[in-house]
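S.K.: Chain residues, written in single-letter form:
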Amino acid sequence: MNCKEFNNNLAELFDKNINSVLAAQMQEHMKNCSDCASKYKEAKAIVAGMQPVIPFTSSGSGLKQKILNQIKKEELKMETVQKEKFRLKTWQKRAMTVAASIVFIVAVFMLSNHNPLVNTAKAAESIMTRSITALESLRSMFITMEVRSDANENFDYISTQSDFIEYKIWKQFTGNEPWRMEKPGRIVVFDGEKQYLYIPEASIAYTASKNAGLVEWMKIFLDPKKIMEYELEFSQQHRAKYATEETSDEIILTVNADALGDFHNNYLKNASVPESDNTRIYTFDKTTSLLKSFKLFVNTEGKSVKVIGIKNIAYNIPILATMFTIQLPNGLAWQELTNQEYVKAFTGISAKKAARKFFKALSDEDYKTITPVWDELRIEDKSKMEQLKSFYGGLEMISIGEPFKSGLYPGEFVPYKVKLRSGKVLESNLAIRNDNPSKTWEVDGGI
Amino acid sequence: MKPEREINSNRTSEAKLEQLIGKYQESLIKHAFYMLGSVQDAEDVTQDIFVKFYFQPPVLSDSSKIKAYLYRMVHNACIDLLRNRKQEQQVHINSLINLPDEQLNGGRKEVMLQKEFLRINEWMQQIPEEQAFVIRMRIVSKLSFKEIARTLELPVTTVKSRFTYGLNKLRKLTGIKKEVYDEL
Ligand SMILES: [Zn+2]
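Heads up: the sequence lines are chains P and A, in that order.
Quick note on numbering: the first sequence equals residues 1 to 447 in the numbering used here.
Quick note on numbering: the second sequence equals residues 1001 to 1184 in the numbering used here.
Keep in mind the hints are simulated off the structure, nothing from the lab.
Treat the hints with care, as some may be off.
[To be verified] Keeping only pairs whose Cα atoms sit at most 30 angstroms apart, straight-line, the calculated DSSO-like set for lysine-lysine is: (1) A/K1016 <-> P/K44; (2) P/K66 <-> A/K1023; (3) P/K4 <-> P/K31; (4) A/K1109 <-> A/K1065; (5) A/K1142 <-> A/K1109; (6) P/K66 <-> A/K1172; (7) P/K16 <-> A/K1146; (8) P/K226 <-> P/K210; (9) A/K1115 <-> P/K41; (10) P/K384 <-> P/K368; (11) A/K1065 <-> P/K382; (12) A/K1169 <-> P/K66; (13) P/K66 <-> P/K4; (14) P/K352 <-> A/K1115; (15) A/K1142 <-> P/K31; (16) P/K77 <-> P/K353; (17) P/K405 <-> P/K382; (18) A/K1109 <-> P/K168.
[Stated by the list, open to error] Distance ranges between label pairs, derived from CB positions: (19) A/E1122 <-> P/E5: 45 to 53 angstroms; (20) P/A37 <-> A/K1016: 47 to 55 angstroms; (21) P/V305 <-> A/G1022: 41 to 49 angstroms.
[To be verified] Sample of chain A residues at the chain P side, in silico, Cβ under 10 angstroms: (22) L1017; (23) E1026; (24) S1027; (25) I1029; (26) V1039; (27) E1043; (28) Q1047; (29) V1059; (30) L1060; (31) Y1069; (32) N1076; (33) Q1125; (34) E1129; (35) I1135; (36) V1159.
Quick caveat, the model's predicted, so the values are computed rather than measured.
C-beta atoms are modelled at their ideal positions from N, C-alpha and C, and glycine is treated no differently.
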């Protein structure tokens, strides 16, 4: 070994596992070459000098747990983002459902005129009428209520399985009539021009139009007068059973109502509050006739479960204008929600044909055709979408059944049976609807 | 009805992740610390890398490459962090050198570690960054040249020559220092 070779291999003497043959040759060279020997000696001294002398220990503050917690948080966030994307794209449809349910009551129950409960209802109607008048001249209101819901869910998510969480509503009845609704995890504000949804945990900040259904069914609580008007109409259709009770300072009205909607097929029963058998208890102040509290019980499987309870309503209190704005943290900006596109292929055909077309496209892996009518293909997560495609793509249609309607769902359910490429057989009902101006079928769920 | 299971199948299993955390967390934090000079930042970087690893595990042909992959991720994250804080904190770190112990942030242990970082960092600042990376990985993080090569995605010969160049440069510098001292 010469000096050049020695220098080329100097690093070897500092590796983790030293090549013993090479090391021996280098030792041999150093015996005969004092230059290289001192070079090595100096290098060794420097390496020793750069060695940390105190042992490294991190703060040991449970990094593993922190990592697992962060993962949970990220997962929750992703889940919420996915859910919101689906929901927000369907806000229009949902808003239509609520509107449709009110039209439904009026249209269908107008038909039944002779009802023995008419007289009992008369007393109830007079209470409602008085309360409507009282609620007419409101300036503002602040409601605190408890709702069986989950923090990660939409405002109108109500489940008898959930615990009570607090909802708060602020409403100004003057000017542009701004309002604010809050539940743990999310806020919706209407500033008189636009609606704003903010979900801090998921860093979601969306703006939507004035009439967007960002709070969905819960919207009825923004206007107690409307609730009473709705009850009055409802009573005039003689559908519910009423009981009234008076104490020294309160009037209590109990309404027992059957589920609304078409339940020849029970598929959707209890899917949402107006679609369940329920009991509504209103308490009014005897002097002012203003609504003081409200309780909603859902009656299911022989049990009555309270799902909503208004704890307090403060009327005509001053509300700061800042309540009707949301300050976003730095780096987060409002995103506009846009309407969906439609395609001709799914327009002007029967539900069954639309379902067939949908599955045919999946079978042909022709995603272009169905992307505009299936929200799931419009998610931003490319890898997730690829997996969705590989799951359903190339499926084999076994059968498409006769469509049916259920509950208040304005679309139709089409029974289907398909075999996936993996060999797995799926059997369910595809929920599709075309209650939009262009009568284009859209896939809502069931897949 | 949705293919949840299928969708999640590309994630690392939690058990596997915990095993990797147990095996590598301390040495990765140490590596990050000797690049960043802050235990807190080092822990944060390492935490982020494991979370990222969970959601987007790399496609690795053999499991022995996981170690190199983790080091590479931590290493690159540290470089990014250093670039971002170059203006503000570099100054801060340099000014630490002359501070008495009691004015340094953190507890006694952290103070000792920070001084240790500053001492070693002084060496590293004398040589080009790419040589410093190799030397730090070999001497401080105790990776073999082969592991360093995998981490930096370089041929082993390149890694070894960077090590030798860096070491020779430091040797010469200390030589000069020594001569200067001798003359005084
Ligand atoms: Zn020699």
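S.K.: Which hints from the list above does the structure break, by number from lowest to highest?
M.R.: 1, 4, 6, 12, 13, 14, 16, 17, 18, 19, 29, 30, 31, 32, 33 and 34
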